[in-house]
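Line by line, the protein sequences give chains A and B. FYI, in numbering that gives the first Met the number 0 the residues of the first sequence are 0 to 585. FYI, in numbering that gives the first Met the number 0 the residues of the second sequence are 0 to 585.
If you are wondering where the hints come from, they were derived from the structure by calculation, not from laboratory data. Keep in mind that the hints are not guaranteed to be accurate.
Said to hold, decoys possible - Capping the alpha-carbon separation at 30 Å, the derived lysine-lysine pairs in DSSO-like fashion look like this:
| no. | chain 1 | residue 1 | chain 2 | residue 2 |
| --- | --- | --- | --- | --- |
| 1 | B | Lys124 | A | Lys215 |
| 2 | A | Lys134 | B | Lys491 |
| 3 | B | Lys454 | A | Lys55 |
| 4 | A | Lys72 | B | Lys454 |
| 5 | A | Lys215 | B | Lys215 |
| 6 | A | Lys419 | A | Lys395 |
| 7 | A | Lys459 | B | Lys106 |
| 8 | B | Lys453 | A | Lys72 |
| 9 | A | Lys491 | B | Lys491 |
| 10 | B | Lys134 | A | Lys215 |
To be verified - So the derived list for chain B, only partly shown, Cβ under 8 Å to chain A, looks like this:
| no. | residue |
| --- | --- |
| 11 | Ile17 |
| 12 | Val101 |
| 13 | Leu130 |
| 14 | Lys134 |
| 15 | Gly186 |
| 16 | Thr288 |
| 17 | Leu292 |
| 18 | His293 |
| 19 | Gly350 |
| 20 | Ala551 |
| 21 | Phe552 |
| 22 | Ser559 |
| 23 | Asp560 |
| 24 | Ile583 |
Glycine residues also receive a C-beta, built at the ideal position from the N, C-alpha and C atoms.
Number of protein chains: 2
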Amino acid sequence: MTRIFVSEVIEKDINESIHLSGWVQRRRDLGGLIFIDLRDRTGIIQIVFNPEVSEKALNIAEDVRSEFVIDVKGTIAQRDESQVNHNIETGKIEIIVEDIEVISKAKTPPFHIQDETVTEDVRLKYRYLDLRRPKLQNTLKLRHQLKQSVHSFLGHEGFIDVETPVLSKSTPEGARDYLVPSRVHEGEFFALPQSPQIYKQLLMLSGMEKYYQIVKCFRDEDLRADRQPEFTQIDIEQSFVDQEDIMALNERLITQVMKDIKGMDITAPFPRITYDDAMAKYGVDKPDTRFDLHLQDITEFSKSVDFKVFKSTAESGGLVNAIVVPDQADAYSRKDIDKLESFVKIHGAKGLAWMKSTDEGFSGPIAKFFDDDKQDELKHLMNINDNDLVLFVADKKKVVHASLGNLRNKLAKDLGLIDKNQYNFLWVTDWPLFEYDEEEDRYSAAHHPFTSPKKEDEDKLETAPEEVRANAYDIVLNGYELGGGSIRIHDKELQERMFRALGFTDQERDEQFGFLLEAFTYGAPPHGGIAYGFDRFVMLLAGTDNIRDVIAFPKTASASDLMMNAPSPVSEDQLKELHIDMDIEE
Amino acid sequence: MTRIFVSEVIEKDINESIHLSGWVQRRRDLGGLIFIDLRDRTGIIQIVFNPEVSEKALNIAEDVRSEFVIDVKGTIAQRDESQVNHNIETGKIEIIVEDIEVISKAKTPPFHIQDETVTEDVRLKYRYLDLRRPKLQNTLKLRHQLKQSVHSFLGHEGFIDVETPVLSKSTPEGARDYLVPSRVHEGEFFALPQSPQIYKQLLMLSGMEKYYQIVKCFRDEDLRADRQPEFTQIDIEQSFVDQEDIMALNERLITQVMKDIKGMDITAPFPRITYDDAMAKYGVDKPDTRFDLHLQDITEFSKSVDFKVFKSTAESGGLVNAIVVPDQADAYSRKDIDKLESFVKIHGAKGLAWMKSTDEGFSGPIAKFFDDDKQDELKHLMNINDNDLVLFVADKKKVVHASLGNLRNKLAKDLGLIDKNQYNFLWVTDWPLFEYDEEEDRYSAAHHPFTSPKKEDEDKLETAPEEVRANAYDIVLNGYELGGGSIRIHDKELQERMFRALGFTDQERDEQFGFLLEAFTYGAPPHGGIAYGFDRFVMLLAGTDNIRDVIAFPKTASASDLMMNAPSPVSEDQLKELHIDMDIEE
Numbered sequence: 000m001t002r003i004f005v006s007e008v009i010e011k012d013i014n015e016s017i018h019l020s021g022w023v024q025r026r027r028d029l030g031g032l033i034f035i036d037l038r039d040r041t042g043i044i045q046i047v048f049n050p051e052v053s054e055k056a057l058n059i060a061e062d063v064r065s066e067f068v069i070d071v072k073g074t075i076a077q078r079d080e081s082q083v084n085h086n087i088e089t090g091k092i093e094i095i096v097e098d099i100e101v102i103s104k105a106k107t108p109p110f111h112i113q114d115e116t117v118t119e120d121v122r123l124k125y126r127y128l129d130l131r132r133p134k135l136q137n138t139l140k141l142r143h144q145l146k147q148s149v150h151s152f153l154g155h156e157g158f159i160d161v162e163t164p165v166l167s168k169s170t171p172e173g174a175r176d177y178l179v180p181s182r183v184h185e186g187e188f189f190a191l192p193q194s195p196q197i198y199k200q201l202l203m204l205s206g207m208e209k210y211y212q213i214v215k216c217f218r219d220e221d222l223r224a225d226r227q228p229e230f231t232q233i234d235i236e237q238s239f240v241d242q243e244d245i246m247a248l249n250e251r252l253i254t255q256v257m258k259d260i261k262g263m264d265i266t267a268p269f270p271r272i273t274y275d276d277a278m279a280k281y282g283v284d285k286p287d288t289r290f291d292l293h294l295q296d297i298t299e300f301s302k303s304v305d306f307k308v309f310k311s312t313a314e315s316g317g318l319v320n321a322i323v324v325p326d327q328a329d330a331y332s333r334k335d336i337d338k339l340e341s342f343v344k345i346h347g348a349k350g351l352a353w354m355k356s357t358d359e360g361f362s363g364p365i366a367k368f369f370d371d372d373k374q375d376e377l378k379h380l381m382n383i384n385d386n387d388l389v390l391f392v393a394d395k396k397k398v399v400h401a402s403l404g405n406l407r408n409k410l411a412k413d414l415g416l417i418d419k420n421q422y423n424f425l426w427v428t429d430w431p432l433f434e435y436d437e438e439e440d441r442y443s444a445a446h447h448p449f450t451s452p453k454k455e456d457e458d459k460l461e462t463a464p465e466e467v468r469a470n471a472y473d474i475v476l477n478g479y480e481l482g483g484g485s486i487r488i489h490d491k492e493l494q495e496r497m498f499r500a501l502g503f504t505d506q507e508r509d510e511q512f513g514f515l516l517e518a519f520t521y522g523a524p525p526h527g528g529i530a531y532g533f534d535r536f537v538m539l540l541a542g543t544d545n546i547r548d549v550i551a552f553p554k555t556a557s558a559s560d561l562m563m564n565a566p567s568p569v570s571e572d573q574l575k576e577l578h579i580d581m582d583i584e585e
Numbered sequence: 000m001t002r003i004f005v006s007e008v009i010e011k012d013i014n015e016s017i018h019l020s021g022w023v024q025r026r027r028d029l030g031g032l033i034f035i036d037l038r039d040r041t042g043i044i045q046i047v048f049n050p051e052v053s054e055k056a057l058n059i060a061e062d063v064r065s066e067f068v069i070d071v072k073g074t075i076a077q078r079d080e081s082q083v084n085h086n087i088e089t090g091k092i093e094i095i096v097e098d099i100e101v102i103s104k105a106k107t108p109p110f111h112i113q114d115e116t117v118t119e120d121v122r123l124k125y126r127y128l129d130l131r132r133p134k135l136q137n138t139l140k141l142r143h144q145l146k147q148s149v150h151s152f153l154g155h156e157g158f159i160d161v162e163t164p165v166l167s168k169s170t171p172e173g174a175r176d177y178l179v180p181s182r183v184h185e186g187e188f189f190a191l192p193q194s195p196q197i198y199k200q201l202l203m204l205s206g207m208e209k210y211y212q213i214v215k216c217f218r219d220e221d222l223r224a225d226r227q228p229e230f231t232q233i234d235i236e237q238s239f240v241d242q243e244d245i246m247a248l249n250e251r252l253i254t255q256v257m258k259d260i261k262g263m264d265i266t267a268p269f270p271r272i273t274y275d276d277a278m279a280k281y282g283v284d285k286p287d288t289r290f291d292l293h294l295q296d297i298t299e300f301s302k303s304v305d306f307k308v309f310k311s312t313a314e315s316g317g318l319v320n321a322i323v324v325p326d327q328a329d330a331y332s333r334k335d336i337d338k339l340e341s342f343v344k345i346h347g348a349k350g351l352a353w354m355k356s357t358d359e360g361f362s363g364p365i366a367k368f369f370d371d372d373k374q375d376e377l378k379h380l381m382n383i384n385d386n387d388l389v390l391f392v393a394d395k396k397k398v399v400h401a402s403l404g405n406l407r408n409k410l411a412k413d414l415g416l417i418d419k420n421q422y423n424f425l426w427v428t429d430w431p432l433f434e435y436d437e438e439e440d441r442y443s444a445a446h447h448p449f450t451s452p453k454k455e456d457e458d459k460l461e462t463a464p465e466e467v468r469a470n471a472y473d474i475v476l477n478g479y480e481l482g483g484g485s486i487r488i489h490d491k492e493l494q495e496r497m498f499r500a501l502g503f504t505d506q507e508r509d510e511q512f513g514f515l516l517e518a519f520t521y522g523a524p525p526h527g528g529i530a531y532g533f534d535r536f537v538m539l540l541a542g543t544d545n546i547r548d549v550i551a552f553p554k555t556a557s558a559s560d561l562m563m564n565a566p567s568p569v570s571e572d573q574l575k576e577l578h579i580d581m582d583i584e585e
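The following block holds chain A by itself, in its conformation from the complex (with noise of 0.2 Å):
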């Protein structure tokens, strides 16, 4: 008889006869009758040991313990309808055994399978029976269908599979490198690829066309909560393409895939917003559109009234901006509002000032610098009604966007204003072509060195850098940068322009990209594509905030393997043959 899983036996007749096999999950023995719940990857039965159907199935059923690999045969019986189990998709139906074989016994494992207090660290350790839990198992499975919708959906649209290096070279560019030493060439080293950004590139110059790879990238940087040292990217590039292109392909791809994966008819085009609107209304460069709240900017507003921190901010170039939390005047206590002032601190505001509408006008302590006039022109401006509370910050324009954009975020979550079943995708466009780093007082890339300026903007590439736009282009799903792209260049002149405003000298311009450069001689044609973070779209996807939970054996917060451990020393020998030593500070 064929082994079939859990899931199927639902399919089959009452009486039928059946084989499965699984672990134990739950072991109870009932008047002279033995339950176990089994378990395998599709889900869990009951199955019933009867003394009148086999009295040795049931002798042997009574050395089983949990997770004790076991095989059995029988035949399905309708549960009484007291016994119905309704948190289980095979809840109405038990097994009636006949025939059991264990197949492997267990030792009382480290921890219970199902407890969600164990430390991580401790699941981690034990990652195959951290695994066992149906939710890891289900995430897992997710990740797996996105997978193949994406290979099913790039595959019809012509793209090519296209593999490229791991063994790569080091550039200084970007991120830490992992690097691998080379033991046949000495003192020299590969890098593990930040991404496969100039390969794909390349690709496009050899008139590939259309390429695609869901790729393993590497950056050793120090992690944050939805960061691994390996990552997953679904990469796209193409030739011959603007940017209207590129966007309406990656519609048609998040389409197919929310139908696959969510059974979800997600309308297209997404919505659209340049990064200057998206700071100016949401203060982050990823906003989640699920709910309002936006920032109202009331600068030219603060220039007119007595309140002195509005009115010398607004007159000195900075920004004052507000949120208007609707019908939450009487639910904030100072001691609430207290605490929302702590948290923008956090964002370098040097401080959160409010007020309350009420029926007598507003209330609080700044409200005494606003007369009645103001008090109205202040209500009409920002469409306040009785009982909103109004939160305020006035500084520089960076500050005020990072303290109310992440307020917004908080106050959502605090107010419970956010769907969690709503899946907003959003555009956002129009990037600066660099950032200025004052620490270094140099530009650097916004996005990477290979991002092309917008045609009206290549002439100020060298006179005003800050106002350059770039042709990029982020997708942004739910407060989440889901991917990011960009039209590339693809003319030697005008990428030696972006190297030398990023402040490379020739020669290490050419000694990291001469080859690039040379490549674009040889005829080059208009290309772009976009990345996407595939580990962060598994975890959106599946509702979870913990990257780990997407990732098969994830490394811990300071990059170890804590069930291989990994990494771990080698041998003198090993070294000797990489040409290298230890550099151990005693």
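Using the hints, position chain B against chain A.
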């Protein structure tokens, strides 16, 4: 007007307006007209500039050179019968250009793209130009199609694509590891995985049941023609299965793949041969079954002959084997046979004895040692006909197999016996579990330490390891090992006996594999799988014998990337952060 691919032109009607973009393959001026062969990734088409259609376009076309990227609009026209080019798919038509735009100019490339005589080093340095060759583009497309086919098949069979770490742990078993120094953990290293073997077994222990991955693996070994430092594997593992299940799964996989890629109906089940029989009949463990020329064992017969070399070898435990080459006696001169002898000497044979069968009996230097009766006996025994050439090696078993096995393959090539359109899949089963390493006087795992012995041979693990057969199977295609797998050990005690047989001390075993042994104690399902050399699979399907042809950006034989110039020196600061020094010999 939407741009279309060259391959799409033939679906359109004569006189239809179209828009194409691509590279200039060739330009010819002819009687006031200009002809350009336009190339994109789908094909080549002739486009014509005629002053009566557009003087302006003609003028622009005059400045166009090879490898310029151009964009043209025009109409489809039938060529005159005399002008038809039967070498290209679009040879019956041409495009009358109305409008041309030069998108990118091109310098004269360092070599003519189609010139196959250019050295590989130059091609690899300019790989982006080399990849413009339709042959390479088609190979990468085939690689993509194979991947798509595998993803689709295994997805439909319920296998889950799970990514395993690239930053992994160094283990002394197997080939040399690529190491990655850790920045966070002083003096410690990650290793790039040689295969995801242990991870996939842990996934089985976690109840994933059906796993697969198309994954990069790494070996820091000196490279042979068909080896690369990073290579791709199709990796498959399944729980609750035996050898028959895995073989049947893979026969379904290959049947589907061959249908998808080659449009061929392959018959399953595939033929099977045991390792011992393969060695006896073909001399090698990966037989090419597209031709005969089997090895024939005449050891017993040799004991009764007067020819001392045969007789003494046979009597002292060696083998005497021969290959009958039908109807070639008159085609092979003494000199030709001398060359064959030089060839078998490479494989350790001391000499190559031979006889030719003529209508007057055997001829050749050793014929005199066989009287008429013995000649008749031999003819009968080996089914020798007139004008057959018979080639003998008498030596130790290992030498006889290696020399005649390789000679068999050489003869088939020389004689043109191989049908290149035939795909002979073959299972080789019943492998020995151990290999004896004469130099180190110890046993090593023939497959890897996790392969299970056959139940009936378990007793011999300690007493007669050389006799233990494994639950291991290789899939062979046309004389190449395409993949190999086994049913794994899933019992702690058996795995410990295996490590002991391999000479591990208990401490070494626990340090390296303690976590795996512990994992076996928490409920381990029986499991097994297979891994395919993906690059080699593509190579065989593409009909090339150069592994670099199937990899977009391959390394040279000295593991260098000539285009990127990798590996390369890195900065002192980078090394310092990784706690390593260079150890360069002066």
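### Query
Which of the stated hints cannot be reconciled with the structure, identified by number in ascending sequence?
6, 9, 11, 12, 14, 16, 17, 18, 19
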